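> Protein chains in written order, with this note's numbering: chain D, 1 to 321; chain F, 1 to 144; chain G, 1 to 338.
Incorrect hints may appear among the rest.
Stated by the list, open to error - Mimicking DSS-like on lysine-lysine, the simulated pairs with C-alpha atoms at most 27 Å apart in a straight line are:
1) G/276 x D/64
2) G/252 x F/135
3) D/140 x G/197
4) G/276 x G/218
5) D/131 x G/132
6) D/320 x F/143
7) F/135 x G/37
8) D/140 x D/26
What the hints assert, rightly or not - Which chain G residues stay away from chain F? Per the calculated CB distances, all over 12 Å, these:
9) 12
10) 34
11) 74
12) 79
13) 332
Since the hints were made in silico from the structure, they are not lab data.
Treat the numbers as computed from the prediction; the structure is a model and nothing was measured.
A virtual CB, placed ideally from N, CA and C, is assigned to each residue, including glycine.
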Amino acid sequence: MQEVMKNKAKELLASGEVRAVIGWKKGEFCYDITPAVFTNAEEIDNGFIYDDFCGANLSKYLIKEAHKDGKVLVFLKPCDTYSFNQLLSEHRINREKVYVVGVSCDGKVDIEKIKRTVGDGIIALSSDGDKISVETLYDKYEINRADALAERCVNCKSKKHVAYDELLGDEGEVLDSKRFDEVEMIENMTADERFEFWRNELSRCIRCNACRNVCPACSCEKCIFDNDNSGYVNKAPVTSFEENMFHIIRAFHVAGRCTDCGECSRVCPQGIPLHLLNRKFIKDINTLYGDYQAGEDPEARGPLTSYTEKDPEPSVVTDKE
Amino acid sequence: MQVNEFKPKIVAFCCNWCSYAGADLAGTNRLNYPADVKIIRVPCSCRVNPLFVLRAFQRGADGVIICGCHPGDCHYTTGNYYARRRMTLLFSMLDYLGIEKERTRVEWVSAAEGAKFAATMNDFVATVTKLGENKRLEDLRCKK
Amino acid sequence: MVKISFEKLNSLFEKISEKYDLFVPTKKNDGQSYFEKWEQGKTVSDDLNTVRSAKDFFFPQHEDIVSFKLDGKNIEITDERREVRPFVMFGVRACDVRSFSILDKVFLSEPVDTFYKAKREKGIVISLACQKPSETCFCTTFGIDPTEPEGDIRAWKGNDCYYLEGVTEKGNALLSELSLEECDRTEVDAQIENTKKILDRLPLGKLDTDSFGGDKLKELFDSEKWASLSESCLGCGTCTFVCPTCQCYDIKDFETGHGVKRYRCWDSCMYSDFTKMAHGNPRLTQLERFRQRFMHKLVYFPANNSGEFGCVGCGRCLNKCPISMNIVKVMKTLKGEN
């Protein structure tokens, strides 16, 4: 797959069809991949990679890159194409200036999960079907790929690309995922347990803003939490209120626009399951206003920018037992 | 009267066209409702940003109620329909985080419903009084 | 050198806790380790390092400074400084211990930061030698010896006991209070030798700082490589907030509704409003802000501090950067190795 992608990138660069290629670049070790912009064949030969660790969603980089002159090629995994469509519908990307190559994905691997099993000192990794062989400075291990799969990939919602100009590899299906199970589990707790659960999670927040900055739906030019004139600016989670406020408002602002790509939870240095906030909104929207998958159709009207006269009253929440 | 009786602070966001007029009517009709309800006039119920609700709690509110025109009667035709979705989702999220859902409410009050306004406030204040002080969404820095 | 067996560790911690707040690395339910206040039942995590560095205890993420209250025409000003209880940190790694001396250079030089100073004076650091360094470790690059860490007391974890050795006056005083069993260095020496062999095999062990330092300012500042290095930077503050040596802070006012609370909190050079002044912002692009972080650690800091670099090679930014861009990649790229 990686070779096919490299060739495609070099071919389009050589023909002048595209000015640059947004892809993944290999790192210092076998897992620390960085999103990168490639502009020539040499760079692609030296650094381009597509493997188990290319989890980063590249669609957000298009906001910046597609503002420049010329066309840019981007490789998108199935879940990334939803973010792409969502950005299109919000007019953040000029479709004409992007050449989307869809690439298939069989789930990405979470290095943190591997480290939790094998410990520190990973120097070599190789994936062979269902197994991943890991060599550390201290020992060798073999682990099931399924056990190392990133949380969001365990509950993959779709292997289908909803937008592309060209597809490499096989097209998949929209999956019947169990992604709301965890949300339901929390809903079934008592209010005290829920409060306890979220305090425990959100109190770890260090307000690094990684969740916000990586989020393709968080594409405001100036975030309210960065705007000195807003009255809401805060750089540190000084009180529990501010921890709550930031995450409630962030999740709310992307409600109906969040495609559930899971980047927020992937990047959180403190391991807070932020996707569970977004999924709650998605679940509520599905139940209250009908099934809606953000990014599936760039022409669709979002659930928070539309209404019906028969919408349930807020008392469905406030009066429920 | 007991000295230490808990009196909740309530913030009521009222739309200019219906609910604020409803509150006015309650006043001119001399209908009683607790003085701890502080009304903030907004052009439309959909002007209420979720941040307003949270900020009210931060600054010491024990309950927040949003009042607007009845669905279908919005001065701007559709504002309250959007507010309805937003607040439903916001309240559901607060509940998900374990914050008492009874502290938040949306009620539609027309300009002619002075009695409903007073009754709504009495009822809401009673509910929040039972819950006691807002602890879960408080900001200790704002305590006097 | 003295030792304490694993079974007796709890009672030792109990004894320390009588007079001090004791903080030890503990595993939380997210599978990562954090320094937490010790209480009965808490065990010391075996993880190599904590997510957040030990810096937090001397230079916390936020700290109240002063509050103002308006009363008629009078403004009431209250010093919000809290008295620092004496505390002990157990299990600080060599990299984090070195970060204190870097922070000292910033906060203890004139004008002295009294908030920081109070905590430094009241804090006792028990460091812990590393035995199983990670692939992301490169403390040796900055001349740190993880087998024999600095600190007030240094410790080694043996097979059935911890070995402790007083380093500073403060450390020796604490050790003498604890009256532990004397012992020899045999196991410790063997461990050091063994760990050094592992250090030789570390993938980043050969990283050197030859191309950096105060005298390389112009050449590095003007490097064309910053553009591609910073290209995919998200502008989040993860690297700066997990970093044990990042020391920039902002002073903010919070309006409480009946007064103002002035506090300081960590700032990040990655943020768009970093060093924003009345006239605007001196660094308008992410490239400039990104460059600032690494120039600070590799050029400006050594220029002002007789050659000492502002990095301790703990590897936290390598582990935590959402896009895996970090100081090692920056150093290697600037040197032309990547």
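> It remains to establish, for every hint, whether it holds in the given structure.
So, going through the hints one by one against the coordinates:
For the hint pairing residue 276 of chain G with residue 64 of chain D, the CA-to-CA distance comes to about 23 Å; that is within 27 Å, so the pair holds. Taking the CA atoms of residue 252 of chain G and residue 135 of chain F, the gap is near 25 Å; set against the 27 Å cutoff, the hint holds. Under the criterion of a C-alpha separation no larger than 27 Å, the hint pairing residue 140 of chain D with residue 197 of chain G is consistent with the structure, at around 18 Å. Distance hint between residue 276 of chain G and residue 218 of chain G is fulfilled; the C-alpha atoms sit about 24 Å from each other, no more than 27 Å.
Under the criterion of a C-alpha separation no larger than 27 Å, the hint pairing residue 131 of chain D with residue 132 of chain G is consistent with the structure, at around 25 Å. Between residue 320 of chain D and residue 143 of chain F, the direct Cα distance comes to roughly 31 Å. Violation of the 27 Å bound is thereby established for this hinted pair. With a C-alpha separation of about 25 Å, the suggested pairing of residue 135 of chain F with residue 37 of chain G holds against the 27 Å cut-off. Pair hint residue 140 of chain D plus residue 26 of chain D holds up; C-alpha atoms about 23 Å apart against a cutoff of 27 Å.
With a least CB separation of 35 Å from chain F, residue 12 of chain G remains clear of the 12 Å interface cut-off, as annotated. The claim that residue 34 of chain G is not at the interface with chain F holds, since no C-beta of that chain comes within 12 Å of its own (minimum 22 Å). Here residue 74 of chain G stays apart from chain F, with its beta-carbon at least about 17 Å from theirs, past the 12 Å limit. Even its closest Cβ contact with chain F, about 16 Å, leaves residue 79 of chain G beyond 12 Å, as expected for a residue assigned away from the interface.
At roughly 44 Å from the closest C-beta of chain F, the C-beta of residue 332 of chain G stays outside 12 Å, upholding its exclusion from the interface.
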